[in-house]
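Given the sequences, and given the hints that come with them, work out the whole structure.
For the protein sequence lines, the chains are U and D, in the order given.
Per our numbering, residue 33 is the first one in the first sequence, and the count goes up by one each step.
Per our numbering, residue 33 is the first one in the second sequence, and the count goes up by one each step.
Note that these hints are calculated values from the structure, not bench results.
Note that the coordinates shown come from a computational prediction; the quantities given were computed from them, not determined experimentally.
Hints are supplied without guarantee of correctness; some may be wrong.
No copy labels: a pair is met if it fits in one copy or bridges any two.
Said to hold, decoys possible - Listed below are the simulated EDC-like cross-link pairs for lysine to aspartate or glutamate, each with C-alpha atoms no more than 16 Å apart in a straight line:
hint, residue 1, residue 2
1, K34, E262
2, K123, D234
3, K318, E57
4, K173, E274
5, K123, D154
6, K34, E236
2 protein chains.
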Amino acid sequence: MKKLINDPKSVVIEMCQGMVKAFPENLALDEEFMVISRKNPNKNKVNLISGGGSGHEPAHAGFVGRGMLDAAVCGDVFASPSVMQVFNAIKHNHSEQGVLLVIKNYSGDVMNFESAAAMAEDYDIRVDSVCVNDDISIEKKEDRRGVAGTIFVHKIAGALAERGASLKQVKEIAQRVIDNVRTMGIALTSCTVPARGKPTFDLEEDKIEVGVGIHGEAGIFRDRLLSAKETAELIIERILGELSVSKDEEVAVLVNGFGGTPLQELFILNNEVATILNSKGIAVAKTLVGNYMTSIDMEGASISVLMLDEQMKRLLSAPCETAAWKETEA
Amino acid sequence: MKKLINDPKSVVIEMCQGMVKAFPENLALDEEFMVISRKNPNKNKVNLISGGGSGHEPAHAGFVGRGMLDAAVCGDVFASPSVMQVFNAIKHNHSEQGVLLVIKNYSGDVMNFESAAAMAEDYDIRVDSVCVNDDISIEKKEDRRGVAGTIFVHKIAGALAERGASLKQVKEIAQRVIDNVRTMGIALTSCTVPARGKPTFDLEEDKIEVGVGIHGEAGIFRDRLLSAKETAELIIERILGELSVSKDEEVAVLVNGFGGTPLQELFILNNEVATILNSKGIAVAKTLVGNYMTSIDMEGASISVLMLDEQMKRLLSAPCETAAWKETEA
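Here you go:
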């Protein structure tokens, strides 16, 4: 294993320390429970908390800041944070207006975030949650994983919370984003978990994994190496088969790298995505291209499409100030 | 070669198209000369133009926008843009106040940018230039390459130009940044140029290349796989041997990924860099961590340190709005 680290066992703590040292004015780290939160908390609004296993950097701590999350819980690499970690995140990052947990749909995450929420309620903290399941690679809806589309939830619900909306309203729009976002990804290589020291799966030199998860979970099928155009066509067709986007409607697009993919490839992929959507008369109101929800060092990419209404569109471009997503005042 | 592309021959044009489609309100592409410029040019200020070979994404087009560059010329992968490309970039992106070219110190770039500047002067366009040579891996100063430190030149000179400073003033501060920034990088793997289809160099599984260039040029020596701590110590020691930063002085730090390095490793490296500088009493006023000046898909990283004065510090945090670097109003 060739990695620029010190010790596989201390990857998460050192990474969190390095992140907070890069943004000392904005971020604070609770080393006991591995929670990254805003340096200057805003207690006059609904607080948004997300998190999960590490290895998806910049998610989720990279989205902590004004206009997005209030705190992110950092589990071990690809492992759910414990109930105590999540509970302490809530305990130290809640307000009178309540807390919304943004959970990715993995059984460990759901179980631990919900148990922590129940504990917090015993302390008279108002907590509610949403569960993101945007990965259409899995057929059964209840089994669908939460992947890159999650960051649209952080952004849009975060912007509404910042404007002082109620917990009910923030949850409602978070759920609306979840109902309207779909994602699918492909992998050119596996990823290597530091503590394991070797790739999670093997992939032939001339094959790709279609429908891969963000933890190196196997996809739905293996295919020959597809071109950027074929990849975009395959994914967009499947996504539009689920989202009924009509001509002249607006969407947001996220072309997300898995960590090892050069930006030049992501831009080439975006070129194809934009061309396909344009040919169907679908307007792209906002595009993100880059590493947002990674699988450590995996080469590959996912495409997310979010069908927008006027409110979501406005909140998507509202100002935010985080390590990985900044929007300036229009 | 496993890449998410369509055709090695069309990588640069498709990447540029995909980039402009991601930021249609901010960027415009001249497909004839492969120049990405601001959609809404500002002709009431000194115009800043940079560029060079492609393969370093997001550099340089990712730094085009308010507060940084006015245009970026995109050569073929790892190849200098032609004189005609640079000349047309100047012709279509100049103002009465003049143009400053920010050139990285490679013989092809220097020759072609300077020839283009001479042509532009024949058209009565005021042009001046600076040459960035921040890579301390090379001993002889005149042979030193321009690498990741270049983006500090874009940011600081870009901010001063935006404030209406004269060409002389903008050049002066660009040169001041160059005089005070040093960079060194290490590679864990080679990179693969799409048209070549195989790695530029071979590197044993247990070795790294120290002092590597951003085009896969060989470094100064090979070493065993170093830890993040050892890497930071090696590079910071060499940089501080050149920059006489005293206790209580302030610096800016860029921990730059080469394209294939996971963000978690870059944050671990930053943790070590911050610890070392802190132990010497050197204050870090600004930190950037991420892919800023890449070598396609190379795994590895460089560290840049810029010694700041009050004016550079102020301009570094001035607002800017580009694809790859955004600063909001303080």
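Which earlier hints can't be squared with this structure? 2
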